[in-house]
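Numbering (this note's numbering), first residue to last: 824 to 1254.
Since the hints were made in silico from the structure, they are not lab data. These numbers were taken from a predicted model, which means no experiment stands behind them. All C-beta atoms in this analysis are idealised placements derived from N, C-alpha and C, irrespective of residue type, glycine included. Hints may contain errors.
[Stated by the list, open to error] Straight line, CA to CA, 25 angstroms or less: simulated DSS-like cross-link-like pairs of lysine-lysine:
no., residue 1, residue 2
1, 1193, 1218
2, 856, 888
3, 1186, 1228
4, 1186, 1166
5, 1152, 1135
6, 1218, 1167
7, 1025, 1039
8, 1152, 976
[Stated by the list, open to error] Quick list of the computed label-pair ranges, beta carbon to beta carbon:
no., residue 1, residue 2, range
9, 1083, 1164, 27 to 35 angstroms
10, 977, 1164, 47 to 55 angstroms
11, 1039, 881, 43 to 51 angstroms
12, 1134, 827, 53 to 61 angstroms
13, 909, 1243, 32 to 40 angstroms
14, 951, 831, 37 to 45 angstroms
15, 885, 830, 22 to 30 angstroms
16, 1046, 1117, 30 to 38 angstroms
17, 1117, 1039, 24 to 32 angstroms
18, 1233, 1043, 48 to 56 angstroms
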Amino acid sequence: MTLNDLYQLFLSYPQVSTDTRTIKKGSLFFALKGNRFNGNLFAQEALKKGAVYAIVDESLPHQDKRILRVPDVLQVLQQLARLHRDSLNVKILAITGTNGKTTTKELVATVLSRKYPLIYTHGNLNNHIGVPLTLLRLTPEHQWGIIEMGASKPGDINELCEIANPDAGMITNCGRAHLEGFGSPEGVVQTKTELYAFLAHKKGTVLYHAEDDLIKQQVDRFPDLQTYSYGTGEKCYCRGEMIEANPFVHLLLYYDTNPTHIRSQLTGTYNFSNIMAAACTGKMMKIDVNNIREAIEQYVPSNNRSQLTYTKMNTLVVDCYNANPTSMKAAIESFLSLPSERKKILILGDMLELGPYSDAEHKAVVDSLKDKAGIEVWLVGENFSRHAGQCRAFKTAEELVDYLKKHPLSEATILLKGSRGIMLEKALEYL
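Generate the whole structure from the sequences, applying the supplied hints.
Take a look at the structure:
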């Protein structure tokens, strides 16, 4: 079966599934393979559950005309997504970065949806599987696709660009994350800026944070880019001014001659640049400033990202979806600046995927907190525990939960920050 033949099938049955547990009737099932699963083994089950065709890349004993064999299911899925994206009159905005890309993506989508029909990446489905699945949700009615792109090794962003073929893009920042895969901080920069290189070849558009010297330096390497800057400087295309983060970010947006107050529902000074990225995108796309303000003010974070939660006993700042040295430092600094009459407690989980940098980075975080008066530091995970010193330490989230059951906290303001794999969210119901 040719790619064009498969695309005609997709146009007749424009729903795609890769998981028989959530399959929808009338969809195409793509039998993906991974280290711990083989979708080829579930092709017949997918058909029984309502799939109209199953696309496989292994020889199966079933003599069923609805089972279609291709050389490589993942490659065909990616090619199908690119063909579909290119067949539509749609613009693609790609967003990547070490920190803030998911929040920025959701803010941008919230702003642009005020004027344009669009789709955007759900959750953080931002890899070589999630990006094509998102693109295959596009319909002729959509004018924009907001695509989040994640990376854990060199070449990842270029691969995703080849699938999504973006017209515009932004890199929120380049920090110290996934160092195990990137090899070094320089590897992070090289990989993220694959987006700029791709866009430069087509004279595409880039939105960038003017106060981030590293980002600006990379933008300047590609003179063919059309650029729109955001930040606090007078020369920025989209200028803003931070008023406070107490606890929510309140800023002034200078869209035209008159400043506009924006009172967001996002905590943390680090979210100022994410908000400005969304405002800049809205301004570039000629969206009215009041629509930009309303969209940002109505956005409520979810999935344990910069969430402020009040329980019966404590005030929680929940940011435990992911963590790396850059985001950990920003979260701690922002949390410590919050005014609070209650005692402050940092519950910090290990930062994963740092490779040979892991030990030094965890030690650096603990060392930075040694002279901070009036706070308690609780550490969760084997990496942090090795450097705990006088801090309270737990090897696992389960140990933390067991302690909280016996020694409940009350009348405290608490930051929970750690990598998703540490599962700090297990402690939420006991706080």
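Violated hints, by number in ascending order, as checked against the structure: 3, 5, 14
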